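Protein chains: 2
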Amino acid sequence: MEFKDLKETTISRKDVFEGKIMTVHVDQVRLPNGEIGEREVIDHVDGVGILAIDDEDRVLTVTQYRYVFGKTLLEIPAGKLDWNEDHRLGGLRELREETGAVPEKFEYLGSFIPAPGCYMENLHLYLATGLKFQEQDLDPDEWLDVDRIPFDEMVERCVNGEIEDGKTIIAVLRAKALLHR
Amino acid sequence: MEFKDLKETTISRKDVFEGKIMTVHVDQVRLPNGEIGEREVIDHVDGVGILAIDDEDRVLTVTQYRYVFGKTLLEIPAGKLDWNEDHRLGGLRELREETGAVPEKFEYLGSFIPAPGCYMENLHLYLATGLKFQEQDLDPDEWLDVDRIPFDEMVERCVNGEIEDGKTIIAVLRAKALLHR
Chain A
351 MEFKDLKETT ISRKDVFEGK IMTVHVDQVR LPNGEIGERE VIDHVDGVGI
401 LAIDDEDRVL TVTQYRYVFG KTLLEIPAGK LDWNEDHRLG GLRELREETG
451 AVPEKFEYLG SFIPAPGCYM ENLHLYLATG LKFQEQDLDP DEWLDVDRIP
501 FDEMVERCVN GEIEDGKTII AVLRAKALLH R
Chain B
351 MEFKDLKETT ISRKDVFEGK IMTVHVDQVR LPNGEIGERE VIDHVDGVGI
401 LAIDDEDRVL TVTQYRYVFG KTLLEIPAGK LDWNEDHRLG GLRELREETG
451 AVPEKFEYLG SFIPAPGCYM ENLHLYLATG LKFQEQDLDP DEWLDVDRIP
501 FDEMVERCVN GEIEDGKTII AVLRAKALLH R
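Just so you know, the sequences run in chain order A and B. In terms of my numbering, the first sequence opens at residue 351 and continues consecutively. In terms of my numbering, the second sequence opens at residue 351 and continues consecutively.
FYI, nobody ran anything at the bench for these hints, they're computed from the structure. Among the hints, a few may not be true.
Remember, identical chains collapse to one label, so a pair may be satisfied in a single copy or spanning two.
List of simulated lysine to aspartate or glutamate pairs, DMTMM-like, C-alpha gap at most 20 Å [as the list claims (entries may be wrong)]:
no., residue 1, residue 2
1, K357, E492
2, K526, D502
3, K526, E512
4, K482, E447
Just so it is clear, the structure is predicted and the values come from calculations on it, not from any experiment.
For reference, chain A alone in the conformation it holds in the complex:
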């Protein structure tokens, strides 16, 4: 069965949690068939992730403890955008804060939606090359280990599932296709 119009319209909104990094609300919506449904929504600021490749074709990675999953994950540098912050400037900021790197070239790799069902985040991706290095400048509640891993090894680990972080996989595999690697 096909529906010409799949749109769901908001009837009412009930805020249920206001946190530091998210707001949760439950909305009553009008479904495509005219009935009433409920949608649980997490509002969250957008983010940016940076695939930074040094002059020896190595990717800058950060390993950090992900409390929600109870383990460390290997990821590309990334972070939440400040309110109304341009994602290009935010990306340059996060890259410098987490790794000290300042790129000569900073190319947009597009964005993606991590979890379209209930989690309102767009994640913007950049490819950073021509890196110069300054000091790290981490947030007070942020601890991470920076490493450098050959690009081809990163591709392999993104394909075989060893690297689990979505933004890292997408940035590496988009760059592989765009760089014809």
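Starting from the known structure of chain A, fit chain B onto it as the hints suggest.
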């Protein structure tokens, strides 16, 4: 600065929202430096997404309205796992429900973590081929349009950012690498 142990341990947990598809809690945690921090956590069941390719090398896609983003997204068939459901069986179930397809081959493409910061979901991916077709069998609050798009066009659209859904991008680009396409 490097920390040998990046682990954060739970001191206390406060449940703030119990919904139908998620539970939100705020935990006090011991940070690596001994100080106390706070983590906002969304518990959510795991999911499964299926890259199904028909005998004419076309990918089965579903277009559905994503209320959180206020627009339709083009995605691969996917869904939440039932409590304690095996992700292979869940994948076969979701594929059949959303598209009617029943595959001859069903290969695991690994999992990924959509949003490691605060959203507890693992998403498992499968590659389905050798498709036979039965009737669709949608959930009562689910509306979607099924389409078929050539694999190479899907790759192009996942790379250029036109396709925004994370699981779709990862499944397509992992399959591209594994199938040496």
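Hint check results:
For the homomeric pair K357 and E492, the shortest alpha-carbon distance between copies (12 Å) is at most 20 Å, but the shortest distance inside one copy (40 Å) is not. Taking the shortest Cα distances, K526 and D502 sit within 20 Å of each other both inside one copy (9 Å) and across copies (15 Å). Taking CA atoms no more than 20 Å apart as the test, K526 paired with E512 passes in both settings, with 17 Å inside one copy and 17 Å between copies. Only within a single protomer do K482 and E447 lie at most 20 Å apart by alpha-carbon distance; the minimum there is 13 Å, versus 52 Å between protomers.
Hint compliance for this structure: no hint is broken.
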